[in-house]
Each structure stands twice: as C-alpha cells, then as structure tokens.
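Heads up: the sequence lines are chains P and R, in that order. In the numbering used here, each residue carries its 1-based index in the first sequence increased by 311. In the numbering used here, each residue carries its 1-based index in the second sequence increased by 11.
Keep in mind that a hint or two might mislead.
Unchecked claim - Simulated pairs of lysine to aspartate or glutamate, DMTMM-like, Cα-Cα distance not exceeding 20 Å:
hint	chain 1	residue 1	chain 2	residue 2
1	R	Lys139	R	Asp89
2	P	Lys607	P	Glu641
3	R	Lys139	R	Asp96
4	P	Lys680	P	Glu665
5	R	Lys139	R	Glu95
6	R	Lys139	R	Glu181
7	R	Lys139	R	Asp168
8	P	Lys566	R	Asp65
9	R	Lys139	P	Glu403
10	R	Lys132	P	Asp317
11	P	Lys566	R	Asp64
12	P	Lys607	P	Asp709
What the hints assert, rightly or not - Far from chain P by the CB rule (all over 10 Å, computed), these chain R residues:
hint	residue
13	Thr60
14	Gly66
15	Thr73
16	Arg215
17	Pro230
As the list claims (entries may be wrong) - Selected chain R positions facing chain P (Cβ under 7 Å, derived; list incomplete):
hint	residue
18	Tyr21
19	Ala62
20	Leu130
Treat the hints as calculated values from the structure; they're not laboratory data. Every residue gets a Cβ at the ideal spot worked out from N, C-alpha and C, and that includes glycine.
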Amino acid sequence: MRPLLDKELREVASGRALWTMLLILCPLAGYSFFQAVSLYGEASAAAGDSPVLGSGLSPLDGVLVPTFGGLYLAATLLFPFVAIRTLGREKESGALALLVQLPYRVPAFIVAKMTAIFAAWLAAILCAASALVVWSAMGGHLYLPETLDLLIGHVLYGLLVGAIALFSASISDSAATAAIITLAFTIGSWVLDFALAGQPGMLGWISQLSLTQTLRPFEQGLLSVGLLLGTVAAICGFAALAAVWLHPGVRVGTKIARSAACLTIAAAVVGLCTQLGRSVDVSEDRRNSFPAADQKALAELHEPLMIVVRFVPEDPRYADLRRNVLAKLERVMPRVTIQLATSGQSMLGSASEEAYGEVEYSYGGHSDKSRSTSHREILPLIYALAGRPIPQPIAGEDYPGYPLLANASPALAWFLGGLPLLIVIAWWRSRRPPQIPSQLVKNGGPP
Amino acid sequence: MQVTGLAKRYGDQRALTDISFPVNAGEVLGLIGPNGAGKTTLMQAIAGTIATDDGQILWRGTSLPLPRRREFLFYLPDGVRPWEDQYVARVTELFAAIYGRSQAFLAQTIHALGLGPVLRKRIVELSKGYARRLLLALALLTPQPLLLMDEPFDGFDLRQTRDIMNVLREVAGAGRTLVLAIHQLRDAARVCDRFVLLAEGRVRGVGTLAQLQAQAGKPAADLEDVFLALT
Numbered sequence: 312m313r314p315l316l317d318k319e320l321r322e323v324a325s326g327r328a329l330w331t332m333l334l335i336l337c338p339l340a341g342y343s344f345f346q347a348v349s350l351y352g353e354a355s356a357a358a359g360d361s362p363v364l365g366s367g368l369s370p371l372d373g374v375l376v377p378t379f380g381g382l383y384l385a386a387t388l389l390f391p392f393v394a395i396r397t398l399g400r401e402k403e404s405g406a407l408a409l410l411v412q413l414p415y416r417v418p419a420f421i422v423a424k425m426t427a428i429f430a431a432w433l434a435a436i437l438c439a440a441s442a443l444v445v446w447s448a449m450g451g452h453l454y455l456p457e458t459l460d461l462l463i464g465h466v467l468y469g470l471l472v473g474a475i476a477l478f479s480a481s482i483s484d485s486a487a488t489a490a491i492i493t494l495a496f497t498i499g500s501w502v503l504d505f506a507l508a509g510q511p512g513m514l515g516w517i518s519q520l521s522l523t524q525t526l527r528p529f530e531q532g533l534l535s536v537g538l539l540l541g542t543v544a545a546i547c548g549f550a551a552l553a554a555v556w557l558h559p560g561v562r563v564g565t566k567i568a569r570s571a572a573c574l575t576i577a578a579a580v581v582g583l584c585t586q587l588g589r590s591v592d593v594s595e596d597r598r599n600s601f602p603a604a605d606q607k608a609l610a611e612l613h614e615p616l617m618i619v620v621r622f623v624p625e626d627p628r629y630a631d632l633r634r635n636v637l638a639k640l641e642r643v644m645p646r647v648t649i650q651l652a653t654s655g656q657s658m659l660g661s662a663s664e665e666a667y668g669e670v671e672y673s674y675g676g677h678s679d680k681s682r683s684t685s686h687r688e689i690l691p692l693i694y695a696l697a698g699r700p701i702p703q704p705i706a707g708e709d710y711p712g713y714p715l716l717a718n719a720s721p722a723l724a725w726f727l728g729g730l731p732l733l734i735v736i737a738w739w740r741s742r743r744p745p746q747i748p749s750q751l752v753k754n755g756g757p758p
Numbered sequence: 012m013q014v015t016g017l018a019k020r021y022g023d024q025r026a027l028t029d030i031s032f033p034v035n036a037g038e039v040l041g042l043i044g045p046n047g048a049g050k051t052t053l054m055q056a057i058a059g060t061i062a063t064d065d066g067q068i069l070w071r072g073t074s075l076p077l078p079r080r081r082e083f084l085f086y087l088p089d090g091v092r093p094w095e096d097q098y099v100a101r102v103t104e105l106f107a108a109i110y111g112r113s114q115a116f117l118a119q120t121i122h123a124l125g126l127g128p129v130l131r132k133r134i135v136e137l138s139k140g141y142a143r144r145l146l147l148a149l150a151l152l153t154p155q156p157l158l159l160m161d162e163p164f165d166g167f168d169l170r171q172t173r174d175i176m177n178v179l180r181e182v183a184g185a186g187r188t189l190v191l192a193i194h195q196l197r198d199a200a201r202v203c204d205r206f207v208l209l210a211e212g213r214v215r216g217v218g219t220l221a222q223l224q225a226q227a228g229k230p231a232a233d234l235e236d237v238f239l240a241l242t
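Take these sequences, add in the hints, and give me the full structure.
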C-alpha cells in the first residue's frame, strides 16, 4: 500500500490546483482575520467602560469563526478542483487503464486517494489555522475545546466536499464535468440554506441536508455525536460510491445495483445517527447550556418531560424557544419528548387560534402552560412541576468575556507575505527532480 | 489463454462479433487489421478495462473473471501519457516497488529501453518515442505471464522499431506470452509467430503465415496479400 499512497500524495502535490488554492486561501483567511480582529478591537474599546458589554465578547464568535469563514469558501469553491484531480487526470490521460490493473483492490485505490485528499485539506487548514498562532501572539484568548471543535467541523466539511468530488470524478468523463457536479452539491447547499430554511414540512427537512448545516453546530461550540458520525457516514458513503463507479470494466447495470445498495446502507446509517441526540457543549461561555446550577438540577429529574408546542415551525418565536430552551433541555434531561401540536398547519391559519403560542409542560403527572421563550420563566415552571426548589446560582460561573484591543497589521504581513512565500518555496521543492540511484544512471543509454 | 465468443456493442454498432481464438504459451501473437477493425476494443475487452456483452476469457481451461484478469495478463494501451507531472524515474520506481522488482531488474529494463537520458524528465516533456519506451518499460516491469500491447512500435523510426522488436523477442524467449495489436503488417510479419486477422469486428483468419496462406489459397503470398485476400 505504501507505493500507492506515495504515488497519490505526489500526484496531489504535483498539481497546480493545490498550490493555487493555498495561495488564494492566504488573502481570504488573512483579510478575514484582519477584519475580525479590527472589529473585535472596536467592540472591545466600546466595552472598556461596561463589564456587561465585555462579557459578551467571545473570541469564538468574534475572531475564529469569521477567520475560518475563508476556509469555508475555499472548501466550497476551490477544494473540489484539488480533489477531482486525484482521479480526473487519470481518467482523462488514460492512466486509469493502468491503475485498475495494479495488484490492489478498488477500495485500496479509494482509500489512497481519500488519504491524499485529506493531506491536501490538512495543508489548507494549517494555513488558516496559523491565524490562531498570530491571535495568541497578540495576546488573544483561545479556549482549547471550542477551538478544536471548530477545527473538527472544518476537517469534516472539507472531507465531505472531497468525497463528493471524488465520486463526481468517478462518474464523469472529464474533470470539467466533475467540477460542475461537485459545485452543484456545494453551491446548491447555499440555495437550500437561503430558500428552504425555516420552511414547514418536507421543505424544511430538505434544507437540513445542506452541506453547510454540518458546520453550523461546530461554529457554535457544540460537539454533536450524531452529526459527527452522520458526516463520517456520508463521507464513507460517497467514497464507497466512487469505488463502485471507478472500474471501467464493470457493467453499468452492476454499478447501478451496487450504488443502490450503498445508498441504502448509507441512508440507514445517517438516519440512525440523526437519532443519536447526544451532544456536548464545549463552548467556554456555555451558550448551549443553562447555568451550571440549573444543569445540575435538571440532570437529576429522571421522569419523562412531555412538551407540547403550539407554534408552527416557521414561527421565529419557535426558533427562539428551540434554541434557548428546548434544545438545551434535550441535552441535559434524560427523557424529553417534544411534540408540535400544529404540524401541517400554516402560520396564518394557526395564529387565529386562542391557544396558539402556548407551550404545555407535563412532568410527574402535573402540567402547566407558558407563552415564554426564555429559560428564566420556563425553568422555575419545570421545577414547580417536579416539586423541586429553584437552585441557587453558582458563584463565579459567569463568562468574563475577553476583550482585546490589538493591532492586526502584522497579520497582513504574514498572510500576504510570509505564508505565501512559504507556500511558493514548498511548491518549488516539490517540483525538484528526484535523486537517481547511480545504478540506474550507470546502466542508462540507448540499447 | 482462450478467447471465446467475445462480443461488444456500442449502441447499434457492433464493435466485436463472436471473437474466438487461442493464445499459446510463449508465443508472440499478432492482432492485425486496419484502423477501426476492433483491435483496441478487443484488447480492452480481454483485459477487462471495458465491459463486454458476451463471451468469456479462459485461462488454462478455466473461466477468468474480471477481478482475476490482472493476475495473469497486463494490458498496455496505446496513446496514453500517464501521470504527466511525474518524473520518469519516479513512475518506473513506482512499478518496480509495486511488483517487487529489484534495483538490478529495474536498471536492466531502463537500459534495454534506453530510458537513461530521460529519467530526470517529466513525462509531459517526453517525445512520442520516449513516452512509448516508458510504457513498454512499465509493461516489462510487471510479472504477469501474458502481455497485451496496443501498437508497441508506434512513434519509432525503422532502427528503433527493430531494436524494440529484439527486446520483445528476448522477453518472449524468456517465457512471457505477447499479444501485439499492430496495423503495420510488415512489422507484424517480422516479430509475430501467429496472427489473428481482424476486420469490421470479426475474425477473418487465425494461424501462422503458412496456415493463412493455405486458407487464402496463396501459398507464396506475403502477409499483406494474405490479409487482403481474407478480408
């Protein structure tokens, strides 16, 4: 396997697509970082007189997520061309006919190509992640769990795009066609986000299939086991489809049958993963959780909590309720069931009902209703149903915030000068001819 | 190897129709025919790099399914320039490493095909002749007992063609079986032991030159005249 892996890594490194992507990523990530730090500094200056404003300054939201937004653009628009090259060039040049005759099974080729794709994406992440080093050097604060969580999200997103690109290359005759198919997936996700998000019923469910949705929880400091495993399953699914379509000597009918089997298995696994509700709040400001005292008290309520919501899904108040209360309750309490009593109805039709906007909570044989979307009103209600006292807040648990006034100009020097120079040097070194063993040179020459 | 009833269609067009012929161990078999006769399609079908509509490949009397073809035969296509951005030395070393060939064997192969001067060149920079030499070197680095080569002399001048013929005769003499698709009948007559005549996707004759002469009823004819008579 080692010679095959070396060959795939060299193929990726020898192509202009990788180095061009890395060079374009420098100003993308660099300017994003520069802007983010500048705006963060302005907000920090305004928060100088107000500790309350300062406590809202989180480096995750203010610096890291905007900086890695450049990486997201590179993954969506540029990385497909790098990944497609791992198979597209061989199909176009005819080398595929030689490749499939090598003594390796087809999955081994896909594993080697995905490894090369991962290595290329890792190089891109390292370029963007150099901003973390610059931020630290400026005196900026980094919280390791949420930072790693963000990186994991981007690694998964890039690999998913790479797997889609590899599949596209396996079913296309040319790299151009493969690029169009891949961009249909990636840019099509933007359409799903803008046009269908928040829509009721099937449309809303379809919008959840957007590739961008895989990144959102990670950008919010949430490590969702179901999302992580589901994304890995999707990556493996596309890689498996690429393996099915790779060999030119297999009949199309056989490939279609095998693809159907792959899709069925992948869909089942992804479906199972969506049922895994387990997620961990790794954000430093605990934005995805209630205050620590409430988290502790709610975790001790073991009986089922039934919540009947009388909102339609597209109602913004339902989104607030979902984000501020329901999702947190699902994470902390062991047995929570949420039911939408207005499913299938429109907002206009439902709003006229007197009970619309009510949320009924039932626990331990008791129930109560509320129209609030804030945990400050709802949690006391739940404690009352459970016959528990309202817990006292734990001192010192408040997120302090990390305001920072910093000059971001040195970052521009790195991203527009130093880093591109390093990339060019690496590119030049990768193109140097190999050392030829003397034995081969000595015996060379025309017969 | 025995090719039995091989057929391939592209839509309504029949590229290959009921192709059957034997390949004897250690021989140099020539697939000869004009452009469009189906030589390349036949080689691809035997190697399994295209799907077929009918027929099978037998190896020592046993059916050879697609996944096992590469254990016994290696197909060298025509007109490909693989891994263009790689250096010649890297690609030859890749094949040597994959197939467990020693440095000495690799050196011998490079010397036999005259690739020494271009080891530090990228494949995209090679002339047509050197690109063909590289492909031949890759084929010779493989261990499979049967080699299928599509137009092995394409891109060579007369002297170079004779040199490559000598190399292939040495390879055949060492025990490997060669199946060569050649459209230049004079080249085929010099290097091949037996011939399969193809025209319009069908076999028109199989055998040695003498057997084909008898089939054509022209005992003194050369291969070109025999081919014209039978097709």
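Comparing the hints with the structure gives:
1. A C-alpha spacing of about 11 Å is found between Lys139(R) and Asp89(R), which places the hinted pair at or below 20 Å, so the restraint holds.
2. Our distance criterion of 20 Å between C-alpha atoms is met by Lys607(P) and Glu641(P), whose separation comes to about 14 Å.
3. With a C-alpha separation of about 16 Å, the suggested pairing of Lys139(R) with Asp96(R) holds against the 20 Å cut-off.
4. A distance of roughly 13 Å separates the Cα atoms of Lys680(P) and Glu665(P); the hinted pair therefore holds under the 20 Å criterion.
5. Distance check on the hinted pair: Lys139(R) and Glu95(R) sit about 13 Å apart at the alpha-carbon level, within 20 Å; holds.
6. The suggested pairing of Lys139(R) with Glu181(R) is violated, with an alpha-carbon distance near 23 Å, which exceeds 20 Å.
7. Between Lys139(R) and Asp168(R), the direct Cα distance comes to roughly 11 Å. Compliance with the 20 Å bound is thereby established for this hinted pair.
8. Between Lys566(P) and Asp65(R) the alpha-carbon distance is near 18 Å, which keeps this suggested pair within the 20 Å criterion.
9. Only pairs whose Cα atoms come within 20 Å are accepted, and Lys139(R) paired with Glu403(P) is accepted, the gap being roughly 18 Å.
10. The straight-line distance between the Cα atoms of Lys132(R) and Asp317(P) is roughly 19 Å, inside the 20 Å bound, and the hint therefore holds.
11. Between Lys566(P) and Asp64(R) the alpha-carbon distance is near 15 Å, which keeps this suggested pair within the 20 Å criterion.
12. For the suggested pair Lys607(P) and Asp709(P), the alpha carbons sit about 16 Å apart, so the restraint of at most 20 Å is met.
13. With a minimum CB-CB distance of about 5 Å to chain P, Thr60(R) fails to clear the 10 Å threshold, and the non-interface call is violated.
14. For Gly66(R), the non-interface assignment is confirmed: its Cβ lies about 13 Å from the closest Cβ of chain P, beyond the 10 Å cut-off.
15. Here Thr73(R) stays apart from chain P, with its beta-carbon at least about 19 Å from theirs, past the 10 Å limit.
16. With 10 Å as the threshold on Cβ separation, the claim that Arg215(R) sits away from chain P holds: the shortest Cβ distance comes to roughly 26 Å.
17. Every beta carbon of chain P lies more than 10 Å from that of Pro230(R), the smallest distance being close to 37 Å; the non-interface claim holds.
18. Against a cut-off of 7 Å between C-beta atoms, the interface hint on Tyr21(R) is violated, since the closest Cβ of chain P lies about 13 Å away.
19. Evaluation of the Ala62(R) hint against chain P yields a held restraint, the C-beta minimum of about 4 Å falling below 7 Å.
20. Taking 7 Å as the C-beta cut-off, the interface hint given for Leu130(R) holds, the closest approach to chain P being about 5 Å.
Hints 6, 13 and 18, counting from the list given before, are not met by this structure.
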